[in-house]
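Peer 1: Here are the chains, one letter per residue:
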Amino acid sequence: MKTAIVETELKPLTRRQMAWRAAQDIVDGSYVNLGIGMPTLIADYVVAGREIIYHSENGLLGMGPAPPAGQEDLDLINAGKQYVTIVPGGSYFDSSVAFAMMRGGHLSMVFMGAFQVSESGDLANWSTNDEKALPAVGGAMDLAVGCKDIRVLMEHVTRDGKPRILKECTYPLTAKKVVKKIYTDHAVLDIDEKGFVVREMIEGLTFERLQKMTEAELHLDPQWRVLDVPEL
Amino acid sequence: MINKVVSTLAEALDGIQDGASILVGGFGSTGIPFQLIDALFEKDVRHLTIIANNAGNKEEGVARLLGGGRVDKIICTYPRSTDCYIMERLYKEGKIELELVPQGTFTERMRAAGAGIGGFYTPTGVGTKIAEGKEIRNFDGMDYVLERPLKADVALLKAQTADRWGNLAYNKTGMNFAPLMATAASLTVVQVSEIVELGGIDPQRVNTPGIFVQRVVQVGDPL
Numbered sequence: 001m002k003t004a005i006v007e008t009e010l011k012p013l014t015r016r017q018m019a020w021r022a023a024q025d026i027v028d029g030s031y032v033n034l035g036i037g038m039p040t041l042i043a044d045y046v047v048a049g050r051e052i053i054y055h056s057e058n059g060l061l062g063m064g065p066a067p068p069a070g071q072e073d074l075d076l077i078n079a080g081k082q083y084v085t086i087v088p089g090g091s092y093f094d095s096s097v098a099f100a101m102m103r104g105g106h107l108s109m110v111f112m113g114a115f116q117v118s119e120s121g122d123l124a125n126w127s128t129n130d131e132k133a134l135p136a137v138g139g140a141m142d143l144a145v146g147c148k149d150i151r152v153l154m155e156h157v158t159r160d161g162k163p164r165i166l167k168e169c170t171y172p173l174t175a176k177k178v179v180k181k182i183y184t185d186h187a188v189l190d191i192d193e194k195g196f197v198v199r200e201m202i203e204g205l206t207f208e209r210l211q212k213m214t215e216a217e218l219h220l221d222p223q224w225r226v227l228d229v230p231e232l
Numbered sequence: 001m002i003n004k005v006v007s008t009l010a011e012a013l014d015g016i017q018d019g020a021s022i023l024v025g026g027f028g029s030t031g032i033p034f035q036l037i038d039a040l041f042e043k044d045v046r047h048l049t050i051i052a053n054n055a056g057n058k059e060e061g062v063a064r065l066l067g068g069g070r071v072d073k074i075i076c077t078y079p080r081s082t083d084c085y086i087m088e089r090l091y092k093e094g095k096i097e098l099e100l101v102p103q104g105t106f107t108e109r110m111r112a113a114g115a116g117i118g119g120f121y122t123p124t125g126v127g128t129k130i131a132e133g134k135e136i137r138n139f140d141g142m143d144y145v146l147e148r149p150l151k152a153d154v155a156l157l158k159a160q161t162a163d164r165w166g167n168l169a170y171n172k173t174g175m176n177f178a179p180l181m182a183t184a185a186s187l188t189v190v191q192v193s194e195i196v197e198l199g200g201i202d203p204q205r206v207n208t209p210g211i212f213v214q215r216v217v218q219v220g221d222p223l
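In the order they appear, the protein sequences are chains Y and E. Each step along the first sequence adds one to the number in the numbering used here, with nothing skipped, and position 164 is 164. Each step along the second sequence adds one to the number in the numbering used here, with nothing skipped, and position 161 is 161.
Careful: at least some of the hints might be erroneous.
[As the list claims (entries may be wrong)] Simulated crosslink set (BS3-like; lysine-lysine; CA at most 25 Å straight-line):
| # | chain 1 | residue 1 | chain 2 | residue 2 |
| --- | --- | --- | --- | --- |
| 1 | Y | K11 | Y | K162 |
| 2 | E | K129 | Y | K177 |
| 3 | E | K129 | E | K151 |
| 4 | E | K129 | Y | K180 |
| 5 | Y | K194 | Y | K148 |
| 6 | Y | K180 | Y | K148 |
| 7 | Y | K81 | E | K58 |
| 8 | E | K129 | Y | K132 |
| 9 | Y | K132 | E | K73 |
Rather than coming from a laboratory, the hints here were simulated on the basis of the structure.
Here chain Y stands alone, though its shape is the one from the complex (with noise of 0.2 Å):
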């Protein structure tokens, strides 16, 4: 006879279907940086009808999709080193104009990976701490002043269960304080000046159980929506 608790199966979001919820929050006009990554996924599912300009911190506003394959131009490509195209209107400028852009706070919204976040928004993003490994923190550090408004798209743990919404995070900082909401692929949470606030969670889940997979204290917001993205 089974008596175990039997927990709803949950349906955990993919990585492209949590890059189409935080496209939904780009609005009209932004100036917008995806970091290297998941973020990149979301230009892919910015609303019609709304005109969205890209950054990329290698010397291009302006930044356009991918071109067709043989049609790359060797000397086109974004921060993560892929061939990208330029559209109508869009610029180049050496890397110092590139990096005034971000942390002379001219950026809208950016979008960044993390391995960690902190309930006073802490990022944790360019190192796990391995002695071993070669570090490396390319334009994170820079990309995460300056702009006031911050977002990081993340699995809400890791790949063995171990929470990455923290009191504090345990990996090198990237940046003190400026996370202002996380995307994950369990819910959407912003940060106030009480800790992380839920938005949002999948259909299915519980604040309890949302609660046991983060070690930071989570506050429910009252006004809570269920976390609806369409199958991609």
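Go by the hints and put chain E onto chain Y.
Peer 2: Leaving out everything else, chain E in the frame of chain Y:
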């Protein structure tokens, strides 16, 4: 008459000695002065400090210098990538010194060096390992870390077009760090695909004025 155009890569690199600090332009595969780097490899100068965004891929570019034992120290923002096995190996074996710099701080340190600025305060890196041991100052309620200029003996760069005065025009995202590096070195050497008459580059399209450039060499377009 001013003529900064030299006819060979060897001439372009004349006078570079053991122990030199060398800025190398490029981001990923764009804007890398591959021919100048290969010529530097052939010149067999050693104990170099290389200052570049990346540490090269496979056995090309900066990776070739690293693999050939030419480099003691690298100042870099992102030395890691899928094909960056030489840097990975040297780092693990403790055979190279790495100074890791956030990319915006990297650009600004070179800009400061080229513009005669003695240091600057940036919010980047505050509260992280990068700021350890550096002066922190609070301005208007926000913490900033003091960063110092980054200058070098030599800059090796790639541009699309030059004239004999050393005016440069770059191509698309091939520009990246080059305009900053050109200002931050005592000897700036540029490989270009094309050399034009004076006035051949629209003055409004000159990305680096020739005052920052000492030598230009035309190379066959490798692409």
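Peer 1: Each of the hints needs a verdict: does it hold here or not?
Peer 2: How the hints compare with the structure:
Of the pairs offered as hints, the one joining Y:K11 and Y:K162 holds, with about 18 Å between alpha carbons and a cut-off of 25 Å not exceeded. For the proposed pair E:K129 and Y:K177, the alpha carbon gap of about 16 Å is at most 25 Å, so the pair holds. Restraint check for E:K129 and E:K151: satisfied, since their Cα atoms lie roughly 23 Å apart, inside the 25 Å limit. Of the pairs offered as hints, the one joining E:K129 and Y:K180 holds, with about 22 Å between alpha carbons and a cut-off of 25 Å not exceeded.
Straight-line distance between C-alpha atoms of Y:K194 and Y:K148 comes to about 18 Å, which keeps the hinted pair within the 25 Å bound. A hinted pair counts as satisfied when its Cα atoms are at most 25 Å apart, and Y:K180 with Y:K148 qualifies at roughly 8 Å. With a C-alpha separation of about 15 Å, the suggested pairing of Y:K81 with E:K58 holds against the 25 Å cut-off. Distance restraint check for E:K129 and Y:K132: the Cα-Cα separation of roughly 17 Å lies within the 25 Å cut-off, and the hinted pair is therefore satisfied.
Restraint check for Y:K132 and E:K73: the C-alpha separation of about 18 Å stays at or below 25 Å, so the hint holds.
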